[in-house]
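In the order they appear, the protein sequences are chains A and B. So for the first sequence, this note's numbering puts the first residue at 1; every next one is plus one. So for the second sequence, this note's numbering puts the first residue at 1; every next one is plus one.
It is worth saying that the hints were derived from the structure and are not from the lab. Since this is a predicted model, take the numbers as computed values, not measurements. There could be a bad hint or two in this list.
[To be verified] Not the full set, but computed from the structure, chain A residues with beta-carbon under 7 Å of chain B: (1) Val26; (2) Val98; (3) Arg100; (4) Asn102; (5) Leu104.
Glycine included, C-beta positions come from ideal geometry on N, C-alpha and C.
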Amino acid sequence: MITSHLQLEHYLVVAALLFAIGTYGVLARRNAVAVLMGVELMLNAANINFLAFWRYVDPGRLEGQVFVLIIITVAAAEAAVGLALVLNIYRTFGTAEVDRVNTLKG
Amino acid sequence: MPAIWIIPALPLASFLIICALFLRPERSRFAPHVLIAALVGSLVLSVMAVAGLWHDPAHAPIEYRATWLAINPGGALQSTSVGGLTLEVGVLLDPLSGLMLVVVSLVSLLIQIYSIGYMHGDVGYGRYFAFMSLFSFSMLGLVASSNFLQIYIFWELVGLCSYLLIGYYYQTLSAANAAKKAFVVTRFGDVGFLLGIIALSYAGGTFNLLELESLIASDLLVPFFFGQSVFVTVVALLIFSGAVGKSAQFPLHVWLPDAMEGPTPVSALIHAATMVAAGVYLVARAFFVFHASGEALVVVACIGAFTAFLAATIAVVQSDIKRVLAYSTISQLGYMMLALGAGSAVAGIFHLTTHACFKALLFLCAGSVIHAVGTNDMWHMGGLWRPMKATAITCAIGALALAGVWPLSGFYSKDLVLATVATSHGLESALGAGGRTTLLALGLVVVFLTAFYMTRMWAVTFAGRPRNNEGRRAQHGAAHESPAVMILPMAVLAGLAVIGGLLNHEAVGAPLNHFLGAGEVHATHAGWLVWVSLALALSGIVSAWAIYGARAVSLAGIAARPALAIHRFVERKWYMDDFYHGVVARGVVAASALFAWFDRHVVNGFVDGAAWLAGVAGRSLRLAQTGQLQLYALVVVAAAAVVGFALAYFGVAIIPAASVLP
Numbered sequence: 001m002i003t004s005h006l007q008l009e010h011y012l013v014v015a016a017l018l019f020a021i022g023t024y025g026v027l028a029r030r031n032a033v034a035v036l037m038g039v040e041l042m043l044n045a046a047n048i049n050f051l052a053f054w055r056y057v058d059p060g061r062l063e064g065q066v067f068v069l070i071i072i073t074v075a076a077a078e079a080a081v082g083l084a085l086v087l088n089i090y091r092t093f094g095t096a097e098v099d100r101v102n103t104l105k106g
Numbered sequence: 001m002p003a004i005w006i007i008p009a010l011p012l013a014s015f016l017i018i019c020a021l022f023l024r025p026e027r028s029r030f031a032p033h034v035l036i037a038a039l040v041g042s043l044v045l046s047v048m049a050v051a052g053l054w055h056d057p058a059h060a061p062i063e064y065r066a067t068w069l070a071i072n073p074g075g076a077l078q079s080t081s082v083g084g085l086t087l088e089v090g091v092l093l094d095p096l097s098g099l100m101l102v103v104v105s106l107v108s109l110l111i112q113i114y115s116i117g118y119m120h121g122d123v124g125y126g127r128y129f130a131f132m133s134l135f136s137f138s139m140l141g142l143v144a145s146s147n148f149l150q151i152y153i154f155w156e157l158v159g160l161c162s163y164l165l166i167g168y169y170y171q172t173l174s175a176a177n178a179a180k181k182a183f184v185v186t187r188f189g190d191v192g193f194l195l196g197i198i199a200l201s202y203a204g205g206t207f208n209l210l211e212l213e214s215l216i217a218s219d220l221l222v223p224f225f226f227g228q229s230v231f232v233t234v235v236a237l238l239i240f241s242g243a244v245g246k247s248a249q250f251p252l253h254v255w256l257p258d259a260m261e262g263p264t265p266v267s268a269l270i271h272a273a274t275m276v277a278a279g280v281y282l283v284a285r286a287f288f289v290f291h292a293s294g295e296a297l298v299v300v301a302c303i304g305a306f307t308a309f310l311a312a313t314i315a316v317v318q319s320d321i322k323r324v325l326a327y328s329t330i331s332q333l334g335y336m337m338l339a340l341g342a343g344s345a346v347a348g349i350f351h352l353t354t355h356a357c358f359k360a361l362l363f364l365c366a367g368s369v370i371h372a373v374g375t376n377d378m379w380h381m382g383g384l385w386r387p388m389k390a391t392a393i394t395c396a397i398g399a400l401a402l403a404g405v406w407p408l409s410g411f412y413s414k415d416l417v418l419a420t421v422a423t424s425h426g427l428e429s430a431l432g433a434g435g436r437t438t439l440l441a442l443g444l445v446v447v448f449l450t451a452f453y454m455t456r457m458w459a460v461t462f463a464g465r466p467r468n469n470e471g472r473r474a475q476h477g478a479a480h481e482s483p484a485v486m487i488l489p490m491a492v493l494a495g496l497a498v499i500g501g502l503l504n505h506e507a508v509g510a511p512l513n514h515f516l517g518a519g520e521v522h523a524t525h526a527g528w529l530v531w532v533s534l535a536l537a538l539s540g541i542v543s544a545w546a547i548y549g550a551r552a553v554s555l556a557g558i559a560a561r562p563a564l565a566i567h568r569f570v571e572r573k574w575y576m577d578d579f580y581h582g583v584v585a586r587g588v589v590a591a592s593a594l595f596a597w598f599d600r601h602v603v604n605g606f607v608d609g610a611a612w613l614a615g616v617a618g619r620s621l622r623l624a625q626t627g628q629l630q631l632y633a634l635v636v637v638a639a640a641a642v643v644g645f646a647l648a649y650f651g652v653a654i655i656p657a658a659s660v661l662p
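Okay, chain B solo, but in the shape it has when bound (with noise of 0.2 Å):
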């Protein structure tokens, strides 16, 4: 068995070299070479962490390591009720975290490759491959992470890398202030993920995944407020926060489309394999947590499925190439919080997994078209299959995969997720069956807006003829197919996307599902509901093509006075945004005005006011100083006098009576 600390520490070392030799732009040639090489080893070690564990997944999770810091070790000190508090550092390598592992580091490095050719010629060339190496050290090493503090400080540095190549073209104002926007917002659901592990490990003794984990299996948490369930609820739900910041779900999502405006690698890094994907893989990670409380379950699942159809329907009417496919992860990412308030650790992790390979795939196809036509609209492209066969036929594998459609991998990690909805109990006692009906409707709703705004994108941008000038040069050759070593990873993720199905393939004995799911019950397929979402993926595909593709139906036929208010609604985003932007913000700027006031005016005061005494004072005291000594000895004399006379007259005897005569 390998060291797994060395698999983190290979794109740690990569990011230590390039700053050290290849940041500046003249000597950042061989940059991504150097984080392609440590990605390579990270991905061989992974593989090789997981292939030791397959045969037996069951077996004790694998675990290193070694006291950080050790404060009043043993409680030795007794000032404190709690003991002492050790802080450590170690790896843990179980089915989830070999698996993640595996699958960060193989989409990270075929980014990368992806990266030399869409990054070419660009001033920060070497910073840019520095930010990434560091991104994928503190995603693999979230991953790899044995406690919860240490997943917390990688969880920051997640949102670090993420702001600085968010903001990687920081000239521009707003990929500047996107970046801000994705560090602050994230930043509100991390505060509650803070408190939640605080309050865990206070109660738990611990920061250890697994001693909390056989603690609150065998019910032995100490809560320090409300009940053990009331607790571990509260507990559940402030994770969830963090995960809720990171994976982008409803109400925290709104940082994730505007996160379009660092490079389109980044984009796909940020989707498929780092950002979003953490909050996901901690919910996974922290399931003993969630399962020990149903109704956190339930508050997961009800906030994934809402998050799915919010964001699909958004998706549906962007113009923009990046932002139909970053509401699409957005929506995507709610099925997979969908799966896991469900109960089962396997599909949201199964469906996260393919999502990787397919959603990195159509970002770097994103990238290959605008790489060629120059702009992110998709109504300003359009015939772009002629010039670009390789791109458009590898972005309709992926487009197809995430509609769902058999035998692609999209199909298989979907109808899992529907399936563990269908059948899951927790959701069932929790909400009734009218209530898990419900969120099964969404799921299915949201397959067919799925598949139409796949199909949408894919027939406005590929299909038919050139709309305008840009289009008519690139048909003129203009725009080029993209380089090979852009097309490569293209191709590769592709054959992912397709074959990705057969992870948890019951023809080949669903090897997933036993891997990840140890002891977890398999959802039984319903037989009708394969059908019901492939016909609705399909009917997807078909409608959009009717209206975007063939122009069969045209759009002014249905542009009816309530479908454009509609329209409308979606498209300014729910007003989401504007509510943010009007309520929640100027709030902040109301109440900080009235803090500014105070501050200047009461606070401020008082300390002016001292001032203004001590002045008047030192003023008025002034005059007694004289200079004149006499004037003083008068003052000591008559002053001694007073208090003579005083005494003499009040009756107070300054030799006691007895000793004045014997």
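Excised from the complex, chain A in its bound form (with noise of 0.2 Å):
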């Protein structure tokens, strides 16, 4: 049962730290996993913003949680080839840093 001060707002307050942490941990970390980690965030901020608008604003419809249900089973997919390619990064430069992979350098 939901209680009655929790509000559609304060769901959204959380849906955006989390997704500005995950935007940090892209944008800022150096290690490849905790870059990966970082979009596992942001995909997971978006979930729950689908679920809280799902919820308070149209509960009668399911486009929601098969929304959610997708993003989860994508995240899954891109963690493992995201994972393949952190693992062949790591074989070929000798390092996950992503600022040391800079071949594309223009």
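Both chains come to you apart, so use the hints to assemble them.
Spelled out as structure tokens, the structure:
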């Protein structure tokens, strides 16, 4: 049972904080695994938004939950591919720090 | 009636056979025989064709035609307003084309026989006869054409062949230049000709000569600019510009004297039967267009008369025997144009026919002399009548015929031309009686000049004593009479030059007049005109003989200052070549330098600028490519943030307000 003082805004603030932390991780962390974790955080922030809007705006429809399930699936696939990439980057460059992988420099 | 298309096809076959079998020097011995056999065939067929027409010239012209290419036949596609365009090939036989077929094949045949002797031992023997075959084919094809497009195709072929033959000695720079000059100068006229036939055919919906003739006669032409009469005048003048180029009329006559660089039989062919005759034939062929426009005829007459005078004066001072003849040809072509402009195709074609015989003869004589002496300069000859009696006699016949002395052929045709001018109503109504008299007076002056320069040429070449070493060697037997194979055609042509007048002699009922000019009013001879022109011709002969032959009058006596100035003016060819070289050619060069500068700096500048801009853009954008993936992500996030804030502050609802809360 949802307590009455917990409103939609609270969920949105949590999601926004989570998204900001994830963005910080993606942009600022040097370790590639940490960057992947930041991406996961951002995806889950989106999930929270989906569920909050579903629950408070239109609980009769299923789209919110369906999207969340799809995103979880995509996140799993992304984690698998991402970790495989990180593994290969480590093997090729001898490091997993993203700022040292800059051979695409123009 | 034999199939007419075989007449031009025979020289074409000869061309192909020579090219396939006899081109190599070691195998070229039988090349002339192939061509001569083909031309005999053409001549026989042409004579048969004319014989078939002779008794009934008013009979409808015989025409064979076939569709060559049909574009949008019958206007089925409806995409244009002009229906379809059907290109045809065909042959047309009427008295005019029949007569020309005979003249062309006859003169060409005699020149080829002569060439066997003249070109003997030349490295390019096979090539020479191959080109000659192509030349004969082109000219016969032009004459037999039944539509303007086909005439134009053969017209250009004739131009190509004269280019090839004038530049026959292509190792010589002057010959190569003369060939180029002939090709380029005539091309100026050809552009007008092409525009003219396109305009005419567009307005008439057909290229066919007979159809266009009936359209113009019944006023059914659909002119797409101006009115009917102005349109026809413009078209006639455009067609005439083609004839001006080909027939070396003022102001495009400058190529013909330079065309002397080719072998002499080639000059004979060009001057008598093919290249320059094509222009006159074209005007006669398209006479229905000119007839519909009085103004165009007057232009033709004036250009013809002026050209005749201009060239005759230049011929008087030339020292190269072939150049005398070349300017003489230009002058006589002017006569033909004058006759056509005065409204008589009969007079023009009659003079063309007689002129073809005696001018070919004169060139063959000149070739015979050059063959013997090895120089073109008359002042290095002299006294040649003793070793070269046959040449001297035939040359004298040709010269007298050209001068218009009774009873040789030139007398009759020239007389008809002058009588036509004297009685032309078209010229009188357009220019007034005074204008017509001026043209007639020009014609009469040219009679005197013609007699003068022909006598001068004969006297300087054949009379007197040898003038220098070459001449003296000639006297001691180095100069020999040409072989029989060269003398025979000259003798035949001399015979024709004597009796050619019979073609339109009143004693035998003026047959040419009936044959060609069915329906044309015959110019009645003004009695005094015959005597005046004859007197002028004789006085020209006598005065030239007095100066150059008998040396009774010393040149020093008349070399006063104004006479010298005139002499220089005429000798510099009225400064026409200098004008073209100094003004036209230099103007073209200056203009092209200007365009070259524009191209190099402006047009190229745009292209180079675009390349430079791309380079600069690439170099600066390269700085953004750091290879740091996180920087790219930062840019994406920052951009998204900017967009988001912008949307929030400028009050654009991301989600329509109604759907936010139920």
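Evaluated hints:
no.	hint	in the structure
1	Val26	6 Å, holds
2	Val98	6 Å, holds
3	Arg100	10 Å, violated
4	Asn102	3 Å, holds
5	Leu104	4 Å, holds
In this structure, only the earlier hint numbered 3 is contradicted, and the remaining ones agree with it.
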